[in-house]
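*Asks:* Once you've looked at the hints, dock chain R against the given chain U.
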Amino acid sequence: MSRAATEVLDLPLDIPPEPDELIRAAMAWHFGPTGSPFWLERAKSLPFDPLTDIRTHDDLTLFPNVAAELRDVRTQDLIPRGYGQTPDVVGVFESGGTTGAPKRVVLLRDWLERMLHWSNLNLDAHGFERGVDWLGLVPSGPHIVGEYFRRSAATHGRHGFTLDLDPRWVKKLIAAGRRADADAYAEHLVDQAAFVLRTQDIGVLTITPPLLERIARRDDLTELVNEKVRAIRWGGTQLDPDSRYLYKTEIFPDVVLCGNYGSTMILGFAGERPGLPDDAGCVFDPYSPYVTFSVVNPETLRPVGYGDRGRVLVHHVSKSFFLPNNLERDTATRIEPLAGHTGDAVADIAAVTTFENENVIEGVY
Amino acid sequence: MNAPRSDVVPLDALGARGPYRAHNRLAVTDVAGQESAELSLVPPLFVDQTMKAMHRAATPAPDERIGMIGRAAELFATATLNGLTPDAYAYRVSRVGGTPISVVQATATAIAARLRKAHYSVEHARPTGAVHRWDDPLTRTGRAVWVRSGNVFAVHAAGNHPGPHSLWPEALALGYRVAVRPSRREPFTPHRLVTALRAAGFGDDQVALLPTDHTTADALLRGADLGLVYGGEDVVRKYASDPSVLTQGPGRSKILLTREVDWREHLDTIVDSVSGHGGTGCVNTTALFVEGDPAPLCAALAERLAAVPSLPPEDPAAAFPVQPLATAKALEAHLLHQASGTRPWLGGEGMLDELGDGSAVLRAAVHQLDRPDAPQAAVELPFPCVWVAPWTREAGLPPLRNSLVLTAVTHDDRLVAELVEEPSISNVYVGNHRTYWMESGLPHDGYLAEFLMRCKSVIRD
Numbered sequence: 001m002s003r004a005a006t007e008v009l010d011l012p013l014d015i016p017p018e019p020d021e022l023i024r025a026a027m028a029w030h031f032g033p034t035g036s037p038f039w040l041e042r043a044k045s046l047p048f049d050p051l052t053d054i055r056t057h058d059d060l061t062l063f064p065n066v067a068a069e070l071r072d073v074r075t076q077d078l079i080p081r082g083y084g085q086t087p088d089v090v091g092v093f094e095s096g097g098t099t100g101a102p103k104r105v106v107l108l109r110d111w112l113e114r115m116l117h118w119s120n121l122n123l124d125a126h127g128f129e130r131g132v133d134w135l136g137l138v139p140s141g142p143h144i145v146g147e148y149f150r151r152s153a154a155t156h157g158r159h160g161f162t163l164d165l166d167p168r169w170v171k172k173l174i175a176a177g178r179r180a181d182a183d184a185y186a187e188h189l190v191d192q193a194a195f196v197l198r199t200q201d202i203g204v205l206t207i208t209p210p211l212l213e214r215i216a217r218r219d220d221l222t223e224l225v226n227e228k229v230r231a232i233r234w235g236g237t238q239l240d241p242d243s244r245y246l247y248k249t250e251i252f253p254d255v256v257l258c259g260n261y262g263s264t265m266i267l268g269f270a271g272e273r274p275g276l277p278d279d280a281g282c283v284f285d286p287y288s289p290y291v292t293f294s295v296v297n298p299e300t301l302r303p304v305g306y307g308d309r310g311r312v313l314v315h316h317v318s319k320s321f322f323l324p325n326n327l328e329r330d331t332a333t334r335i336e337p338l339a340g341h342t343g344d345a346v347a348d349i350a351a352v353t354t355f356e357n358e359n360v361i362e363g364v365y
Numbered sequence: 001m002n003a004p005r006s007d008v009v010p011l012d013a014l015g016a017r018g019p020y021r022a023h024n025r026l027a028v029t030d031v032a033g034q035e036s037a038e039l040s041l042v043p044p045l046f047v048d049q050t051m052k053a054m055h056r057a058a059t060p061a062p063d064e065r066i067g068m069i070g071r072a073a074e075l076f077a078t079a080t081l082n083g084l085t086p087d088a089y090a091y092r093v094s095r096v097g098g099t100p101i102s103v104v105q106a107t108a109t110a111i112a113a114r115l116r117k118a119h120y121s122v123e124h125a126r127p128t129g130a131v132h133r134w135d136d137p138l139t140r141t142g143r144a145v146w147v148r149s150g151n152v153f154a155v156h157a158a159g160n161h162p163g164p165h166s167l168w169p170e171a172l173a174l175g176y177r178v179a180v181r182p183s184r185r186e187p188f189t190p191h192r193l194v195t196a197l198r199a200a201g202f203g204d205d206q207v208a209l210l211p212t213d214h215t216t217a218d219a220l221l222r223g224a225d226l227g228l229v230y231g232g233e234d235v236v237r238k239y240a241s242d243p244s245v246l247t248q249g250p251g252r253s254k255i256l257l258t259r260e261v262d263w264r265e266h267l268d269t270i271v272d273s274v275s276g277h278g279g280t281g282c283v284n285t286t287a288l289f290v291e292g293d294p295a296p297l298c299a300a301l302a303e304r305l306a307a308v309p310s311l312p313p314e315d316p317a318a319a320f321p322v323q324p325l326a327t328a329k330a331l332e333a334h335l336l337h338q339a340s341g342t343r344p345w346l347g348g349e350g351m352l353d354e355l356g357d358g359s360a361v362l363r364a365a366v367h368q369l370d371r372p373d374a375p376q377a378a379v380e381l382p383f384p385c386v387w388v389a390p391w392t393r394e395a396g397l398p399p400l401r402n403s404l405v406l407t408a409v410t411h412d413d414r415l416v417a418e419l420v421e422e423p424s425i426s427n428v429y430v431g432n433h434r435t436y437w438m439e440s441g442l443p444h445d446g447y448l449a450e451f452l453m454r455c456k457s458v459i460r461d
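Protein sequence lines correspond, in order, to chains U and R.
So the first sequence is numbered by the UniProt record's numbering: it starts at 1 and just counts up by one.
So the second sequence is numbered by the UniProt record's numbering: it starts at 1 and just counts up by one.
Pulled out of the complex, with its shape left as it was, chain U reads as follows (with noise of 0.2 Å):
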């Protein structure tokens, strides 16, 4: 393979490529001889060659979706082998682990740096000052989000300040309906950020709309973010419109608030387009076209209207990764993209409401 073939995989940062030459140059990438063995070896029971059939970024609904395969891959054979040797990971993630064993994914140096300095970028849109030191209340451990964190915070702030947080203790005690020890857990966490709010120059908040919903509670913690915080971005589960409207115009009315639509799958997270007014949900932009998004009829896979509801199909195409036709379990609205971005945007994301059960019929209220 020439070295030309795979190049747009290595633009530099700041130079977007054309999707479709992306697409080409992916497949060449990973299904020649610089590909993963998972990748080589799934090739052989595809019904078409990816080398010659894929074309277009259009064609990469024609993959299956191999996403629970990550589940009990060994992850060393998601390294492409161009990598050589010595690839520089840094790290191995896991999927929140929601639905039974959590799925795997290997985050090498290259990627992360282009992630990086694109969100950076979309931070500073935001308006985020650079140089000042972060606080995070985001899971840690093996889920990608602590380490986008901890880069961030060095790359576009100076500190980053961080606690433990296992989100997988907290959806077993929510399920196991151990409601009062999961509030017992988030009170812990919020109190560790306490210590950390009131002696240091937090300028940066990172944190879970649950955990900041807890912070709003407390009077005194409510004060201090106003004191020294400056930017608020959130992520993780979502912020409805209401509570968005209520902090951007009552309880931390100046400071920034931008959102972060994340995925384990998609080796980072969509950015909140900036400029949105205050009285609306939020719409998020992925990194186009490395990530791209499309809101899908689940039953068809087709793209539902731009205004309607479906699920987020997402597709990663990158030097260090490959994983196309990946069905969220998120619904959204699908949104139009910002000019010259390929797929969609998405806004209203999940949110199922349930008012009260329907089915207990006796008794009379």
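Just so you know, the hints here were simulated from the structure itself, not pulled from any lab data.
Keep in mind that the hints are not guaranteed to be accurate.
Using 30 Å as the maximum straight-line C-alpha spacing, the simulated DSBU-like pairs for lysine-lysine come out as follows [to be verified]:
| id | chain 1 | residue 1 | chain 2 | residue 2 |
| --- | --- | --- | --- | --- |
| 1 | R | K329 | U | K171 |
| 2 | R | K238 | U | K172 |
| 3 | R | K52 | R | K238 |
| 4 | R | K456 | U | K248 |
| 5 | R | K117 | U | K228 |
| 6 | U | K248 | U | K228 |
| 7 | U | K171 | U | K248 |
| 8 | R | K456 | R | K329 |
| 9 | R | K117 | R | K456 |
| 10 | R | K117 | U | K171 |
| 11 | R | K456 | R | K52 |
*Replies:* Quick look at chain R alone, frame taken from chain U:
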């Protein structure tokens, strides 16, 4: 006023900073599935902020708040609030809740009457030894002072009937700030009541309406000092170990007729107790215990209830409740399942009567049980449904236990004494009194103020 109204009423959340129209809105539909209102559902953050503001808020002086409650009563009964005249309000409640419109109108009048006497009502709960103020001259030599146990009170309201909304304003009379979470099944009444209270002078941080989805509901209780929750057995169990939450569970009201009385003289009382006010209340009779053969009474009761017409809820002559067909069918299936093995006198083949617009009337059901301790006697359903069981002196008190109201038609004073002393019976009416009878100043399930207030010793030099 019975013309169909196609317009949809916005029911905003009423938070500490005034009305709020949320992005997250729930379509409230009438019994035929037509959208009638759009209820703004607020997230936990909104609830937290409102509850915090309510904790910070001032309490109006006693006479001032009683004056405001009185003005609110007037507005509730007569004013156009949130764009709805009293008639339009009653129409919406009847269409959405399925409650007969005459019942809605009578209840609105009753709510206003109870509000006007809120001070009189709560005063009855004050221990006779306790005074209102610390500076009462009696405290110079030591005296109990009646004070609030907290400041912010949360209510998970009922949706079966507008009536229960006459209770929680007593907390305002006592100086609490009150946040109400309405039921999706009938949010109009609490919205109208809170709007009236605010128009009468209560601050936005003193009385609030916080509609939420099910998962957010506990945020109200968490943010309050004390709470009141309406619900079934499951709700009662959930909060059983929480002393800060008062539950209003199943009523399971009953009537007992002993041998020496002639039931024929009390048939009106019995029919009304079963089916009055639409038969959907916790104070409607669920079980009837008869010393002797219950069959003649069953026959007479069935005959009377069978004669009631099936009408849409907004018809002035409607008497039975109406529900969406799917709900009605589920209730019917539940009734038929529960009734297996009993002797049906009315509704044995089902009790729903379709109105043709997607709704159905829930007609009365009368079933005869073969023994006093048959489990069906505890099955309380949201329509006129009564279980008639034989009762004997040997059976005694056990089948009569767990009653919100027990009407005892008897001349046996010793039995009456036992019933009054029985802890699981909340109210005992002797003789010709409907189980739904209520009066300002009398407890419903104990006085609410028993839960909201405490006595404190004060002595001073």
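*Asks:* Now look at each hint and say whether the structure bears it out.
*Replies:* Going down the list of hints, with the structure as the test:
The suggested pairing of K329 of chain R with K171 of chain U is violated, with an alpha-carbon distance near 37 Å, which exceeds 30 Å. Restraint check: the Cα-Cα separation between K238 of chain R and K172 of chain U comes to about 20 Å, which is no more than 30 Å; the hinted pair holds. For a cut-off of 30 Å, the pair hint linking K52 of chain R to K238 of chain R stands: about 25 Å separates their Cα positions. With a C-alpha separation of about 44 Å, the suggested pair K456 of chain R and K248 of chain U falls outside the 30 Å cut-off, and the hint is violated.
A hinted pair counts as satisfied when its Cα atoms are at most 30 Å apart, and K117 of chain R with K228 of chain U does not qualify at roughly 52 Å. Restraint check: the Cα-Cα separation between K248 of chain U and K228 of chain U comes to about 16 Å, which is no more than 30 Å; the hinted pair holds. Taking the CA atoms of K171 of chain U and K248 of chain U, the gap is about 29 Å. The hint holds against a cut of 30 Å. At roughly 53 Å between alpha-carbon atoms, K456 of chain R and K329 of chain R are farther apart than 30 Å, so this suggested pair is violated.
Among the hinted pairs, K117 of chain R with K456 of chain R is consistent with the structure: their alpha-carbon atoms are about 26 Å apart, no more than 30 Å. For the given pair, K117 of chain R sits about 50 Å from K171 of chain U by alpha-carbon distance, which is inconsistent with the 30 Å threshold. Between K456 of chain R and K52 of chain R the CA atoms are separated by roughly 26 Å; this keeps the pair inside 30 Å, and the hint holds.
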